[in-house]
Amino acid sequence: MTQEQQNNQFQQTNPMPAPPNMISTKDQSYLSDMLSWNLLASKKAHFFAQQCQNQEVKTALESAGEMHQRHYEKILQYLNQNPSPQVNH
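Per the working numbering: the sequence shown = residues 444 to 532.
Incorrect hints may appear among the rest.
Per label pair, the in silico range of CB-to-CB distance [unchecked claim]:
1) Pro-460 <-> Gln-520: 24 to 30 Å
2) Leu-474 <-> Cys-495: 28 to 34 Å
3) Gln-524 <-> Ser-479: 17 to 23 Å
4) Gln-493 <-> Lys-469: 32 to 38 Å
5) Gln-494 <-> Leu-519: 26 to 32 Å
6) Lys-501 <-> Thr-456: 14 to 20 Å
7) Glu-499 <-> Leu-519: 28 to 34 Å
8) Leu-519 <-> Met-465: 35 to 41 Å
9) Pro-463 <-> Phe-491: 37 to 43 Å
10) Ser-472 <-> Glu-516: 18 to 24 Å
The hints are simulated quantities; they were obtained by calculation from the structure and are not laboratory data. Values in this document were obtained by computation on a predicted structure and should not be read as measured data. Heads up, the beta-carbon is just placed ideally off N, CA and C, and yes, glycines get one too.
Sequences are here, hints too, so could you generate the full structure?
Shown next, in the form of structure tokens:
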């Protein structure tokens, strides 16, 4: 089969109607990283807000920390409500 025939074959395939009902190892790793990043950012913002004496900066840090905590909880809630039936390696 020539390169042109292969390209035509791939172009003629229908798009996937829905994502597969599984989480790949790469997806799982990325979700784990997202949880870690948001948790760490939340903890750091909270820590530095406690150290801060400028009220405006302290408020901004607390707000950022709360945002990261919400993101962490939202990702975790989604994962708990939508468990993957299979993990592909």
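- Hint check against the structure, violated hint numbers in rising order: Failing hints, ascending: 6, 8.
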